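Undergrad: Letter by letter, the chains look like this.
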Amino acid sequence: MQPVASSAQVADDTLVVAALRRGDESVFTELVNAYSSPLLRLAQDFVRTRSVAEEVVQETWLAVLNGIDRFEGRSSFKTWLYRILVNKAKTRGVREARIVPFSSLEPLGEEHVVPADRFRGPDDQWPGHWAEPPRSLDTIPEERLLSREARQRIAAALETLPDSQRIVVTLRDVAGWDSDEICETLDLTEVNQRVLLHRGRAKLRAALEQYVEES
Amino acid sequence: MATPEKTDITCQEVVELVTDYLEGALPINERLDFERHLVWCSWCRDYLDHMRTTIELTGRPDESEPPSPLKEQLLDAFRDWRRTRG
Numbered sequence: 001m002q003p004v005a006s007s008a009q010v011a012d013d014t015l016v017v018a019a020l021r022r023g024d025e026s027v028f029t030e031l032v033n034a035y036s037s038p039l040l041r042l043a044q045d046f047v048r049t050r051s052v053a054e055e056v057v058q059e060t061w062l063a064v065l066n067g068i069d070r071f072e073g074r075s076s077f078k079t080w081l082y083r084i085l086v087n088k089a090k091t092r093g094v095r096e097a098r099i100v101p102f103s104s105l106e107p108l109g110e111e112h113v114v115p116a117d118r119f120r121g122p123d124d125q126w127p128g129h130w131a132e133p134p135r136s137l138d139t140i141p142e143e144r145l146l147s148r149e150a151r152q153r154i155a156a157a158l159e160t161l162p163d164s165q166r167i168v169v170t171l172r173d174v175a176g177w178d179s180d181e182i183c184e185t186l187d188l189t190e191v192n193q194r195v196l197l198h199r200g201r202a203k204l205r206a207a208l209e210q211y212v213e214e215s
Numbered sequence: 001m002a003t004p005e006k007t008d009i010t011c012q013e014v015v016e017l018v019t020d021y022l023e024g025a026l027p028i029n030e031r032l033d034f035e036r037h038l039v040w041c042s043w044c045r046d047y048l049d050h051m052r053t054t055i056e057l058t059g060r061p062d063e064s065e066p067p068s069p070l071k072e073q074l075l076d077a078f079r080d081w082r083r084t085r086g
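These protein sequence lines map, in sequence, to chains A and B.
Residues in the first sequence are numbered from 1 upward in steps of one, following the working numbering.
Residues in the second sequence are numbered from 1 upward in steps of one, following the working numbering.
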């Protein structure tokens, strides 16, 4: 059997689904390696304990295997995977009466996602324009920009986000959900969802910028 | 960099509108202002490029392995599942 999915190819749904259907253990292992940690992290936002979160992740993978013959590719595999996880985690969370953190949504007041001192002041000829602009990425070699280290830096920054921002960024940018599905699942308005996404993404961008500055 | 016109939105505003722009949530007039700003402001194009790269990186698995008892349990479950499929 030829190796079908290196982690770079995990994104290719057709190959992944075909491999799972024929019981390819190496592909299953790749998927488990790639996604179990982020799935576990997300599950922990909905349930009380780490061990219950691990059960949720196990149930999710079993549901993936048992449902793989019915997967029609209307969404991406990843979107589907996260949908199963969140449904299971929410069900467990409700049973445990764990409150999903959105009740404690941080206030949506004025907040600058880039420090104000990076822009020219009101007395400048061009107020509100960059004083300290971001560095162009054109000079950074792609293999450095998209390196494993860069991904890990972003993943580490994701960890440090407030819960509500982390969950929204995870569902939107990791799981690839559309905003309607996120709003419905988390009982958020579209505007609040976007504010959380905006603030979360801005902090991840700051982590990328720091990484780039070190290059 | 060309000289900005006074009627243009500022870089600071671009930074705050970037998610609405990328999510397709800007009303048409604001989207045009946003895009007009990008035409002359290479710094904001760089910022947008940062944001797109960040989103792409966020979507890629970081290859941190799951804790090994969980991984072993999952592989056992996989083998059981495969057996039942015959």
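Among the hints, a few may not be true.
Just a few of them, taken from the derived set where beta-carbon distance is under 10 Å, the chain A residues facing chain B [unchecked claim]:
1. N66
2. V169
3. L197
No wet-lab data here; the hints were simulated from the structure.
Since the model is a prediction, treat every value here as computed from it, not as a measurement.
C-beta: ideal position from N, C-alpha, C; glycine also.
Undergrad: Determine which of the earlier numbered hints do not hold for this structure and return their numbers in increasing order.
TA: none
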